[in-house]
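*Asks:* My request is simple: use the sequences and hints to build the entire structure.
Line order of the protein sequences matches chains R and V.
My numbering puts the first residue of the first sequence at 1, with every later residue one more than the last.
My numbering puts the first residue of the second sequence at 82, with every later residue one more than the last.
In short, the hints are calculated from the structure, not lab data.
The C-beta atom is built at its ideal place from N, Cα and C for all residues, glycine as well.
Treat the hints with caution; some may be incorrect.
Unchecked claim - Chain V side only, calculated, beta carbon under 8 Å to chain R, not exhaustive:
1. K83
2. L86
3. V90
4. A93
5. A171
6. V203
7. C204
8. A206
9. D209
10. A233
11. W289
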Amino acid sequence: MHEVSLVFGIRAAVEKAARVYGLSRVFKIKLVVGQDLMVLPEAMAFAFEHLKRAPLTPDAVLEIEVRPGRDLLVENFEGEP
Amino acid sequence: MKVKLGYPVLQANQAIADRNREAFQRHFLLVLNLMSSPGAGKTTFLERWIRLAEDRLRLGVIEGDVATTLDAERIAACGTEVVQINTHGACHLDAGMIARTLGHFDLARLDCLVIENVGNLVCPADFDLGETLRVTLLSTTEGADKPEKYPAAFRHADAVLLTKTDLLPYVPFDLTRFHGTLSRLNPDAPVFQICALTGEGMEQWTQWLLSRRER
Ligand SMILES: Nc1nc2c(ncn2[C@@H]2O[C@H](COP(=O)(O)OP(=O)(O)OP(=O)(O)O)[C@@H](O)[C@H]2O)c(=O)[nH]1
Ligand SMILES: [Mg+2]
Numbered sequence: 001m002h003e004v005s006l007v008f009g010i011r012a013a014v015e016k017a018a019r020v021y022g023l024s025r026v027f028k029i030k031l032v033v034g035q036d037l038m039v040l041p042e043a044m045a046f047a048f049e050h051l052k053r054a055p056l057t058p059d060a061v062l063e064i065e066v067r068p069g070r071d072l073l074v075e076n077f078e079g080e081p
Numbered sequence: 082m083k084v085k086l087g088y089p090v091l092q093a094n095q096a097i098a099d100r101n102r103e104a105f106q107r108h109f110l111l112v113l114n115l116m117s118s119p120g121a122g123k124t125t126f127l128e129r130w131i132r133l134a135e136d137r138l139r140l141g142v143i144e145g146d147v148a149t150t151l152d153a154e155r156i157a158a159c160g161t162e163v164v165q166i167n168t169h170g171a172c173h174l175d176a177g178m179i180a181r182t183l184g185h186f187d188l189a190r191l192d193c194l195v196i197e198n199v200g201n202l203v204c205p206a207d208f209d210l211g212e213t214l215r216v217t218l219l220s221t222t223e224g225a226d227k228p229e230k231y232p233a234a235f236r237h238a239d240a241v242l243l244t245k246t247d248l249l250p251y252v253p254f255d256l257t258r259f260h261g262t263l264s265r266l267n268p269d270a271p272v273f274q275i276c277a278l279t280g281e282g283m284e285q286w287t288q289w290l291l292s293r294r295e296r
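*Replies:* Following this line, the structure appears as structure tokens:
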């Protein structure tokens, strides 16, 4: 249920990094979600769709990999200047 | 262009939780994070426990709820210092909310700060507040299968309280299954059977807590 606040944090981190790398369009974010966390990938994807804004493009995708453990990481993102 | 980031999303909360924990340790303060589903009996447990413990521990309480100050009023009626946090919809407390309330307490004059988290067996488990001990409550009316169904809240608990034991004769609660699951999920956590109406189990719980304080 706290996926919305997590997506805010993810978006803020990617926005900042995109600025540093001079990327104005981001079209993919790769996220790692630990299995032991109470984080639902479906709810994450839903929140992502609703919170998308520049530099994320309207069709930007959130790729989620579920792994054992309690990590929640933005592993990488893809974009262009 | 692909940018490798490795950004830990929960780190923002973790950094604040670590700072809270340092402040607590500086004041030799034992901080409890109470977690359970809504209505498992957290506030009623506190009301009863305060009466028993207040001459042994100087207590403060932080109440977390989506809305209302009802729980804080109940604690204030016991004569205990209390601050209410309203999350306005959020399903859990986070470390920042706790940090912002600490100014209301004179930490140097407290021995134990109890944080009653928002009633929710799922989300609070992911958010470290800086607490010393995580305490998960389950009431007998919820069913003995709940630790299997909501493992995170039980797996990472330092102690588990089974509440409303006065109702055991009236509800089909399988104690063997409950204890069996917990000893698999979290063999190190002690389990206390508590009744807030009669005070059953409160003394054992208090003794355990005092022993943790001396470490
Ligand atoms: N029979 C019985 N009822 C209890 C006991 N402890 C609490 N209750 C009842 O359970 C209900 C919920 O108790 P609360 O203490 O408000 O529960 P809570 O966990 O603080 O609830 P939230 O803060 O809303 O999540 C109340 O009606 C209490 O009177 C107990 O030991 N025995
Ligand atoms: Mg309550």
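*Asks:* Where does the structure disagree with the numbered hints, that is, which hint numbers, in rising order?
*Replies:* The structure conflicts with hints 9, 11, although it agrees with all the remaining ones.
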